[in-house]
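Number of protein chains: 6
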Amino acid sequence: MFIHKKELLVPVKVEAPNLRFGQYLLEQFGGATGELTASLQYFVQSFHVTNAPLKDMLLDIATEEMGHLEMVGMLIEQHTSGASKVKAEESQLFALRGRGPHFLDSFGSAWTASYINEGGDVTRDLRANIASEAGARQTYESLILQAPDEGSKKALVHLLTREISHTAMFMEALQSLGKLTDPYFGNIPPDDTVNIYFNMSSNGKDERGPWNSEPKFRYVADPLKGRPSDVHPGVSVPGSEEVFESDKQHSVLRR
Amino acid sequence: MFIHKKELLVPVKVEAPNLRFGQYLLEQFGGATGELTASLQYFVQSFHVTNAPLKDMLLDIATEEMGHLEMVGMLIEQHTSGASKVKAEESQLFALRGRGPHFLDSFGSAWTASYINEGGDVTRDLRANIASEAGARQTYESLILQAPDEGSKKALVHLLTREISHTAMFMEALQSLGKLTDPYFGNIPPDDTVNIYFNMSSNGKDERGPWNSEPKFRYVADPLKGRPSDVHPGVSVPGSEEVFESDKQHSVLRR
Amino acid sequence: MFIHKKELLVPVKVEAPNLRFGQYLLEQFGGATGELTASLQYFVQSFHVTNAPLKDMLLDIATEEMGHLEMVGMLIEQHTSGASKVKAEESQLFALRGRGPHFLDSFGSAWTASYINEGGDVTRDLRANIASEAGARQTYESLILQAPDEGSKKALVHLLTREISHTAMFMEALQSLGKLTDPYFGNIPPDDTVNIYFNMSSNGKDERGPWNSEPKFRYVADPLKGRPSDVHPGVSVPGSEEVFESDKQHSVLRR
Amino acid sequence: MFIHKKELLVPVKVEAPNLRFGQYLLEQFGGATGELTASLQYFVQSFHVTNAPLKDMLLDIATEEMGHLEMVGMLIEQHTSGASKVKAEESQLFALRGRGPHFLDSFGSAWTASYINEGGDVTRDLRANIASEAGARQTYESLILQAPDEGSKKALVHLLTREISHTAMFMEALQSLGKLTDPYFGNIPPDDTVNIYFNMSSNGKDERGPWNSEPKFRYVADPLKGRPSDVHPGVSVPGSEEVFESDKQHSVLRR
Amino acid sequence: MFIHKKELLVPVKVEAPNLRFGQYLLEQFGGATGELTASLQYFVQSFHVTNAPLKDMLLDIATEEMGHLEMVGMLIEQHTSGASKVKAEESQLFALRGRGPHFLDSFGSAWTASYINEGGDVTRDLRANIASEAGARQTYESLILQAPDEGSKKALVHLLTREISHTAMFMEALQSLGKLTDPYFGNIPPDDTVNIYFNMSSNGKDERGPWNSEPKFRYVADPLKGRPSDVHPGVSVPGSEEVFESDKQHSVLRR
Amino acid sequence: MFIHKKELLVPVKVEAPNLRFGQYLLEQFGGATGELTASLQYFVQSFHVTNAPLKDMLLDIATEEMGHLEMVGMLIEQHTSGASKVKAEESQLFALRGRGPHFLDSFGSAWTASYINEGGDVTRDLRANIASEAGARQTYESLILQAPDEGSKKALVHLLTREISHTAMFMEALQSLGKLTDPYFGNIPPDDTVNIYFNMSSNGKDERGPWNSEPKFRYVADPLKGRPSDVHPGVSVPGSEEVFESDKQHSVLRR
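So the protein lines, in turn, are chains A, B, C, D, E and F. So the first sequence is residues 0 to 254, counted in numbering that gives the first Met the number 0. So the second sequence is residues 0 to 254, counted in numbering that gives the first Met the number 0. So the third sequence is residues 0 to 254, counted in numbering that gives the first Met the number 0. So the fourth sequence is residues 0 to 254, counted in numbering that gives the first Met the number 0. So the fifth sequence is residues 0 to 254, counted in numbering that gives the first Met the number 0. So the sixth sequence is residues 0 to 254, counted in numbering that gives the first Met the number 0.
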């Protein structure tokens, strides 16, 4: 069960109402990367995650994010309620839909659970959460760059901070499962193509990096020669530039 | 520009058409975790990612995923085209909407770009991609468990394999940026609360783990005493169980 | 701020897992009439409603609905977690998306904030809330009629009960504003057509009732004669069957 | 069957085209609270409502709302067609999508049937309709406050007026069923908790009102003591401030 | 303005209620190709189409489609209302959402105005209408193949018939504008590439037809040699198989 | 399989970045009439269209449209990346969501597969494609009218050109099936009402044209007299103005 306390997790104080900025803030109230997405994603995961400590962590963070949702809502309320009659030129959204927060993003699109990524496996869930935190952090940075007053900025820096905090927690949780740096998880072993890199986009300079270099990866320069389908059964690959050191790699990538 | 070759990346061969399974496969054609989501997400990222090698990697993988989309489409086509007149009892979807793939998930919901996670920063993008791959892998595992024939199963295992391959590549890419295990990224330094863990969900046993233990984290057992807002300015926290070793942590979490 | 307690508002106990019924229950977790809609609607209203006692009521009920969301989630979890491997024939949704609740309705459609009705005026909000409770009650009745075990049924009857309780509270709140039985609210006085009833659908027997009878209403039997536009300036209406007693009515309907 | 007459229900006359205001008007053409929502909601209800007089009323009002949809469309047409080439700075929407009305709201979001609230019971339907009318009235008030010319304003006041008229009719209809002021409806009797009020949001001053006072309601000040689950079987509630006069209340709230 | 008559355009008579088929019929009530899409598309076009006879035609057909929507709704009502208590096994949709039509498709997805195609030009609108009629006809054929009784089948054949009728009318209308067989319309002349066909998909046998043959079209067999960008200024194309007879073609394709 | 080449189909060169115009261009990247809609629609059709030459044409054009999607994306990238820090006043979208293209339209609405029209029959598919090309052409014209620089304009004229080219191809393809000017297709013969025109919208002058004139069509001036249902069995129609020459017409319209 949830209990509400009539105080914010961290107080917010907008210095001067700014309808336009209030509208931008909807990104983190009813937008894809916002606090509603985060809190509902972690909350719904907590039901199917059976590992008790991780379940507890998900509930702790989900509940904190509900408090953050309230903080963002209060920022929007303060940016919109101080003004007298709202002119649509200043903010079409608050003039037509009413002041205060709404579960819309800053373009008026309704929040949808299609933003949520979860289901079936705790590693998948934790990786989804790191991605959600990254999106949230990115949007907070964008908002801070546009923030018109110090009070808004300070609150947004705190909210950005907590996304980093949660990222650190989710990374530790993945690490505790051995899945922060190991690509493999789940119950189905991969086939022999797991360490092939297909150079599907060519012309100009083909760039290389640790993500397509030996010994971890086997680079197929021209997938049309040495067609991907040819390499499937693990036979030698004509168009491949490098000798394939399969055994060592498979143990790294496939467990 | 894209060029299409009339051969699949890896050939697929369904042994016996199964309309119901064909419908399930739509999850990976027009569903949230499917190949369309992956290919469009990496493709759209490739425009704003300025790091040339990473841009090339995104295009390589995006293009491979388009080939995977085609493979899943062909699986669906083979599962649905072999049968004579489709009875709605066998598959409401193919009976009413026509045979072959559609950009719908297995419940008939239209694909939406709300599934895509991208924008503004390459670290955010790569983290989003690892999450997308995790979702895709999870759905492939679910489908493999339901697969009615060996041909479908083999194709799905290959597609699952490549999600792990891509995860490995994205992890290497993040590692090359120093961001695989570092929670921090971007241009805004966090505030003093970055290493606090708030125990927002209580009653019963509060579980602990590396994600809320010293020295990395500072555990606030009761956020109502030692209110989160009180800890904001960095003062001592009455309800905290442990001494706060802030200096070392801040360097870890905040850079 | 919100605090979570690891106990349900009212314990739920499913006697025998039933995947299909678990899927039906999603209607009240991620569906249009479900607990998420209610809790978010009342919560978001609480920001712009300035009447302090009503704001408090909205927060009390919003928070209770979050607890109800958790109860429904736990019912779904119990209906899906007890079974061993889920066969897609039993539940396509849990087989492909994973066990436990998701923010989808029972047809797999993602929850959307388009379900929410709020904004700009407390009377509008409270009327919206009575409608939301009516929808929720209706769906609970449908679910109770399909419930396979006494434990589920008992929990659902409780949840249905609370929708009636909230309706009673919202009715009292509207009554305290004088708006439970008065159609008028807001700041714009209506024009002279406020008590006309246009019989736009004809043929067969035109039914009459208190909603189109004098003295409250003035019935225009044939809007093509005595065109609605003709009656606009308040002149006599040729096609009208009854004498118009405007003065008394206007005071009732227009304030 | 429907017949169309090439005249408006009430003529509209825009004095000076205003592209921006034309865009705002889309709220009531293709927006959540607009005339399409109302007309389709009442029309679809008319199929399953078996009470003949109420079915007739629903068809009368649904058809009138179609006429209102046409009036709003004509206002938009007049605001957009008079101007010569539309510059996107004046209205991004009409410049890119063409002049005249579209089934979009003023932010370009496509109308969705998720806005509709109906099904299964006439009381639920009528309550939904009062809520829809309240939303429509509220948006008309917002638009009137922004209206640039008297012709638009006069038309909008008429449309606002008719929402009040319909509210009055729906209230009479609910009253005829005895459901305007009675919270209970349907076929499932509530359990013993029907008149409890849970004070789920605390700190600061807890406000009280007729919605949580005896004799109608029983106030549980601290749901953590006297847990809601404890009160379920109807036993005495330690944390409750007041003696519970259950018998009289149950008759009021439960029928 | 619209007037409703309480009789169907063409009476429908379901012989035996069939809940499952009732659910399928939702495709044409609240689905993408259904009567709501058609009627609203033509109605909204009627505002911006300035050609008076075409505007009248759009209103005639839009209004007929509203009558068809009512017929489909009545078919659904008859398929669902005859049965006693609906078991969810028979129809999850009617058991959980109530009997009769809803603005959902047969998979429970809410109707969206994203299905509508219109705007800015009458040729575009009429082409969109022919496409909408084609989709509607296709779905009616699918439904007729599943129809369980002669009464339903007869009604559906009539509705399918009228889609063909409307197609014939829209074709005549396009023909009257000279745009049924002329690809060009609008105010911007095309550039020199208008009659090039790029063979973007190769391997296997490249099929040819009148859509990529001279004299109307100029076939570029390998867009990588004779790159499309090279042909842009109208110079000779190395990879082209045929001599380019530009002058005659341009007059055909470009006006 | 798809192969990507790191060069555009036709190079694009924006002369001066313009954030606002970059946002407008999203209409053709992530909007209803954009290149993603076209490429995915033709690609998904290619699976179920069994006519090999038409399947090849669909793949050729789908692949070209993917190249066009990339061109539009590059235009957006060039309009947004040249500028230094984006101020939200210049473009709310790029300031909050990041520079470069996104799968959103210019109003921030996420792309949805509800824009796609396909399924079950090649004639339906080709008609849908002509409509899609018409919508795309129309939007390109709107964008060209707003284009701030010659480089953008030239690229957009090329993209508009190719929509006309594709229209020409689809028209030839339909013609090769005999379905460009014949309204009928599919397997269900229409009933006797196929050539009736119902004058559903009256008052004012009823306009006539080739779409409701003999000998092809039979005009029913007043559907209330000579009710549509009366004409169904093919009997004489009292309200009809003209003698019905059914036999010749049926052969034209029904095949």
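Hints are not guaranteed to be accurate.
In this list, chains with the same sequence are indistinguishable; a pair is considered to hold if it fits within one copy or across any two.
[To be verified] For lysine to aspartate or glutamate, the following DMTMM-like pairs were computed, each having C-alpha atoms within a straight-line distance of at most 20 Å:
id, residue 1, residue 2
1, Lys4, Glu206
2, Lys5, Glu206
3, Lys84, Glu213
4, Lys54, Glu206
5, Lys12, Glu140
6, Lys84, Asp190
7, Lys153, Glu76
8, Lys5, Asp148
Think of the hints as simulated: they come from the structure by calculation, not from any bench. Note that the structure is a prediction, hence the values are computed from the model and not measured.
| said: If you test the structure against every hint from before, which numbers come out violated? | reply: When the structure is compared with the hints, numbers 3, 6, 8 turn out to be violated.
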